[in-house]
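Undergrad: Chain residues, written in single-letter form:
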Amino acid sequence: MVQALSLLLICQLLGTVIARASGVPIPGPVFGLILLMILLIIRRGPDPGLSTTAQALLRHLGLLFVPAGVGIVNELDVLRTNALALAVALPISTLLALVVTGFGMQFLLRGER
Amino acid sequence: MSGLYHAWVYLQSGPLLGLTATLLAWQAASWLDERTRHAAWSNPIVIAIILLALGLIASGTSYQSYFNGAQYVQFLLGPATVALAVPMYANLGTIRRNFLPILLSLTAGSAVAAISAMLIVEALGAPRTVVISIAPKSVTTPIAMGISQDLGGLPALTAIFVLITGIFGGLIALPLFRLLGIRDRRAQGLAGGTAAHGLATARLLLESDTAGAFGGLAIGLNGLITAIMVPLFIRWLL
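Chains P and Z supply the protein sequences, listed in that same order. Using our numbering, the first residue of the first sequence is number 2, and each one after it goes up by one. Using our numbering, the first residue of the second sequence is number 6, and each one after it goes up by one.
This is chain Z alone, in the form it adopts within the complex:
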């Protein structure tokens, strides 16, 4: 028994356990997502996070000790963000053809997303770290977390905000477009990708390839534009 205990203590101090647990939780969550045929409520990221968080709490493991191993997965976010240039390049022709409409509506939507979220939480008494953490919530997670980290927010909190935004956006986008008469597939895709990144885009892609393409384009561009604008908003609003 004490041998097992020593092994447990040893594993807790090294990276192996955290890394293995992260990959296993991800596979379990992906399997569940397949089984439910990608239902709107089934988000493998959220499920993997819940599984691991429960595991940490149940085993009394600290986040720092878990992150010891998980940091190797997190490190790949940097190169993955750079790699977003490849799908963006594939959309370059589309961007060039509709450059001004895309830039104007995306910048407006991106600014509205960040500023309205910041103003509402500030008005309702949230502290500065929360206001900063919520600013990039419409951006795809790797970029949003980078922005949050650089500006003094809490990246973990930002990751949760991004997820909630994406799930909500994915659920509401199509009914809202129908209600308001936003029928242009290009406009739908751009709006979904700008307001609620990949999760809304994935939903729109089921309806139309055009919407999916414009959603993908909006995810990348919104990441760039938000990264440029949010530091200014923070200077002005806080």
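Isolated chain P, as found in the complex:
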């Protein structure tokens, strides 16, 4: 547990160093994810400790973004002034993404199984 958590934090730390030092505007944890992925490929999979810790963290993933979401109390004005733009943009963009990805994937997989 502690060992796995250390590994996750080390990946995040190195990822953040890479992101800051390179100036690439990708979040440090995303670089950390790639680093851990490379490590898992080299090691041919996670050890049981890492699996358990990852599962425990990801099972309550929802909880982890509650604090930022509560920040909405400071953004109510922004939401109100842009309500129309948001009410149009969010559904339409989601619909388009569903259609493009779904059709694209179905087309590219045609003929298989």
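Hints listed in this document are in silico derivations from the structure and should not be mistaken for laboratory results. Think of the CB as a built atom: it goes at the ideal place given N, C-alpha and C, for glycine as much as any other residue. Don't take each hint at face value.
Across the chosen pairs, the derived CB separations fall in these ranges [claimed, not checked]: (1) P/Ile-19 - Z/Thr-134: 25 to 35 Å; (2) P/Arg-21 - Z/Pro-20: 19 to 29 Å; (3) P/Thr-17 - Z/Glu-212: 35 to 45 Å; (4) P/Gln-4 - Z/Gly-8: 20 to 30 Å.
Fit chain Z to the known structure of chain P by using the hints.
TA: Positioned in the frame of chain P, the structure of chain Z alone reads:
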């Protein structure tokens, strides 16, 4: 009475209250979600946020004072994002077998999601911070908030956009696939995960394990691809 008041003032200045309230609100929201058997409208994240926001407004507590404690929960988002590598590794075989179709359709869908949302809000007069905040709205929240923060958006706003996207995507995905004849479970899962992350994937998982697996895969890959592409879109469009 004044003793209680002093305790209240003391608690407001420390992290204990914000942290405890966050965990309690989450448990209450999860309990409600269990009781409603995970109904489509019941989203524990939204409910917990509403409970806490109402609590802050009712008690006159500032967000900054609340965040003093809640930041310890938020901090775990970083390691949790790194931990997404574990379920992604489990799907590595699937990714390798269908590498090119997955990469092409996911990149196209991911670009369409971000660019169409950005262009629409910009055309309807939204300020730059809103345009940036909406760009990663199809990505799973921890990555979306990271992208938003790094690029000068408002992470809280992004979190709300991600939620609305997920709820809408979860409701519309299956009827839309039926209407348009998108029957391949792999395509359905990839589309749901790309357009509307975990919330649509959870809905699709009820129909098919294959769709669920491809949804999970799309959530992680879309996080990566969006993180790489959105900075470019912002440079081009703004």
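Undergrad: Please go over all the hints and tell whether each is borne out by the structure.
TA: Right, here's what the structure says about each hint:
Between P/Ile-19 and Z/Thr-134 the beta carbons are some 27 Å apart, a value that agrees with the proposed interval 25 to 35 Å. Remark: the range hint 19 to 29 Å for P/Arg-21 to Z/Pro-20 is upheld by a beta-carbon distance near 27 Å. Range check, P/Thr-17 to Z/Glu-212: about 39 Å between beta-carbon atoms, so the 35 to 45 Å window is met. Separated by about 45 Å at the C-beta atoms, P/Gln-4 and Z/Gly-8 break the suggested range of 20 to 30 Å.
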